[in-house]
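Number of protein chains: 2
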Amino acid sequence: MKEKQDGITVKKADDFSEWYTQAVIKSEFVDYTSVSGGLAFRPDGYFAWEAIQRATDALFKEAGIQNVYFPMFIPERLLAKEKEHVEGFNPEVAWVTHTGDSKLDERLAVRPTSETIMYDSYSKWVRSWRDLPMRYNQWNSVVRWEFKHPTPLLRSREFLWNEGHTAFATREEADAERDVILGIYQRILREFLALPGVVGRKTDYEKFAGAEATFSIEHMLPDGKVVQGPDFHSDGQKFAHAFEIKFIDRSGKTEYAYQNTFAISTRELGVMVGVHGDDRGLVMPPRIARVQVVIVPIYNSETMESVLKEAEVLRKRLEGKFRVIVDSRDVYSPGWKFNEWELRGVPIRMELGARELAERKVVLARRDTGEKIGVALGEADAVVGRMLDEIGESMYKRAADFLAKHTHKVKDYAALKDVVEKGAGFAQAHWCGSHDCEAKIKEETGAKASNMPLDAQRGAEGGRCVYCGKPAAHVVNFARSY
Amino acid sequence: MKEKQDGITVKKADDFSEWYTQAVIKSEFVDYTSVSGGLAFRPDGYFAWEAIQRATDALFKEAGIQNVYFPMFIPERLLAKEKEHVEGFNPEVAWVTHTGDSKLDERLAVRPTSETIMYDSYSKWVRSWRDLPMRYNQWNSVVRWEFKHPTPLLRSREFLWNEGHTAFATREEADAERDVILGIYQRILREFLALPGVVGRKTDYEKFAGAEATFSIEHMLPDGKVVQGPDFHSDGQKFAHAFEIKFIDRSGKTEYAYQNTFAISTRELGVMVGVHGDDRGLVMPPRIARVQVVIVPIYNSETMESVLKEAEVLRKRLEGKFRVIVDSRDVYSPGWKFNEWELRGVPIRMELGARELAERKVVLARRDTGEKIGVALGEADAVVGRMLDEIGESMYKRAADFLAKHTHKVKDYAALKDVVEKGAGFAQAHWCGSHDCEAKIKEETGAKASNMPLDAQRGAEGGRCVYCGKPAAHVVNFARSY
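Going line by line, the protein sequences match chains W and L.
The opening residue of the first sequence carries number 1 in our numbering; numbering runs sequentially from there.
The opening residue of the second sequence carries number 1 in our numbering; numbering runs sequentially from there.
Certain hints may be false.
Since the list can't tell identical chains apart, any single copy or any two copies may satisfy a pair.
[As the list claims (entries may be wrong)] Straight-line C-alpha distance at most 25 Å; calculated SDA-like pairs for lysine to any residue: (1) Lys12 <-> His408; (2) Lys405 <-> Lys417; (3) Lys61 <-> Gln138; (4) Lys26 <-> Gln138; (5) Lys337 <-> Ser123; (6) Lys12 <-> Ala400.
These are calculated hints, taken from the structure and not from any lab test.
None of the values given here were measured: they were computed from a predicted structure.
This is chain W alone, in the form it adopts within the complex (with noise of 0.2 Å):
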């Protein structure tokens, strides 16, 4: 039999980068491939990404918004057309400059973003208000070359994503979206992640390029740094004036469309790595996880037919209603494989041996909670149904747990930088809205503008900013990031 097991080699709380990526890549999650920065999603990670992305979109379609395909190339003379859209994408961008021996005469981007390839479009289709309001989405892939130092899904430089991009005959039927689509981005956090997040809006100088205002759920990992989660980017009309988006609308005006943006990424899957994961491994909430119940049948040679065919009415008896697997290759040892089950995170083992089996029970171990429990073999599918509910809301309301306690109310400056430099995670601090402060502050501290949570914006009246002591304008979180 073999034993040894190529699991993880360091603590979660000793060293979390080294961790984090362990964790990801011996799960087999994903692997690296030989693109820098760009990732193979196995079939344990691509299975996540698609429960994530069928859900996001059933909920995108509830809510009226229909979905597209544009091409990936992007020519650069499009790329160009908004200002502040091409200074903040062109670092970044892959450039295709040949086909099979010709040079191609005008670039072409691999799009990081496709607002100008759509709205090139968009401005041909929007003829009148009856052509309005038009909710175009689409699932593809994107490419920022950054050169910083890639890491596995948070920061890679190709990432799967929804694009949402809509247009509308008024800003308010626009500004009316926002909620609705932050309220499904964070939906599919709780219940598919088990992920919280801080909802706030950016500031200016954080926005989207080409944004004139940015909304994000920002996620705290626990080595006290966060990462931008889903975002929502009103671009009032300033995408619509450079690409000509332009309608006649009840009256006989021409007026111009107003526009948003909307995005959730394979980074959330980063983050549930990070956030729920353990020393053991990967702990997949119930929901995106491909197995969710690893029956482990226990036996010697007298007792392992009965205890394998016992396993197999078990598995029948589940599936359908979950997704089950019996692991009985005879080459490994129960507990090698109770170790290599708990690093992919599987959220239920079920241990069956011919004790149990002499008991009419089986034992069911949560992999959240390492929590066993023995159940009656009668019971077993209505139990694993109510555990794997609870997994999901514990594993939640963990994580939310560490959010809030995570969340520092700073006074004045220096509490602020003992914040930031303990890595105890968010400062959250008054601010009087000028770009210089916030400058300082990054400067001086290492710690960009979260957001300002929408929730604690009531807080910033009669407070004064934490570094110019000015009346402060809003609340901001502070914290180094992802």
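Chain W is already provided as a structure; the job is to place chain L on it using the hints.
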């Protein structure tokens, strides 16, 4: 009221190529973009692809295939590893040479197909016979920068597809996958696209670059030209040798894996439009139509309220079972609406006016045949269900009849030339198996060997090559192609 309709200005029988382009563009199925040969899939077009994609994906999963995702870039040295493969694709590759302002050390190919980037990983992942079979698939888009005149969907420089890439321990297991996959594709073609096709093996000259054998399903368009549909490649151990995909077999020996590759692409949507459409526009197979039923209310100022109200009641009765909308835009006349929905190919139109209301009935018009029937309002949902099934079946049958009528068994070369010159479809002929004869036929007539239909091969025995008169080895379908 606006009566002018931007319909198709040529007849399908008079100028198929011009008709085709007007049909796919004017119906708002797809559109051109600023990228030459790159298409925008509009909601109707992408819906159809998504329906095909999800149905195919479900059948793949039932068959035990798992989804993965690999980078869209392939380093030049990887692409070059399998000699025939790189020679086949090099002339069409889009090359990324720069990112931001920096020149890359090594050029990156935008994937024309993913064998080389995937098999580089397979060689790491496959160690023992226990790791096999490895049956992975991905849904993505690929780029082949052909220099011929692009035709929307039928010849696009970027297209969407699935690419399945599997590895097995033995040739027998690998070969057994062929009928499963071709069976899945035939089922999707029939049930979702209402398309027949000829299943056969490609000649060695026409097979995929790098494969040992290629099997394809070939479609015929109304102009008698052939389009290759889904295909399946038996790669043997060719890529396994090039990429060192080796494993320890049950007896402890090192062996190379046997591999297959298979794909279905958005080109099918072009075939669907070409085969089923008519002078009024698209005719959508019901299962891939974004709108299956359109209710057109017919009213004057007096009857408007009651008719619109009843149309809404009818819509509610049908929704949930069918994809149904009411076209209540009051700026257009009923006739204008009829034209628009016919152009888009909506399978069933329901006409509801005061006269129908008085009789508690509704008129159903079939898009495929133009047939109209009156139905009691209370029976509308049952009749719609049956009618949608009938439309799909009858579209398939008509296309299969066309294919059968345009397959001509030819006894001699003069007859072959006659069929090809008339654009009358397949010239099915005996062939000795030498590339010389195949090449001469192509040179002299413009007809390629489409494939060697599996169900016609018994007829090869005793026959003589249509070109050289030597004993025949195969029966081949010759035709001009897209």
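Now for the hints, and whether the structure bears them out:
1. Lys12 <-> His408: Within. Shortest intra-copy distance 23 Å satisfies the 25 Å Cα cut-off; inter-copy 70 Å does not.
2. Lys405 <-> Lys417: Intra 17 Å, inter 81 Å, cutoff 25 Å: intra-copy only.
3. Lys61 <-> Gln138: both (12 Å within a copy, 23 Å between copies)
4. Lys26 <-> Gln138: For Lys26 and Gln138, the Cα distance is within 25 Å only across copies (22 Å; inside one copy 32 Å).
5. Lys337 <-> Ser123: between (57 Å within a copy, 24 Å between copies)
6. Lys12 <-> Ala400: So Lys12 and Ala400 pass the 25 Å test inside one copy only (19 Å; across, 62 Å).
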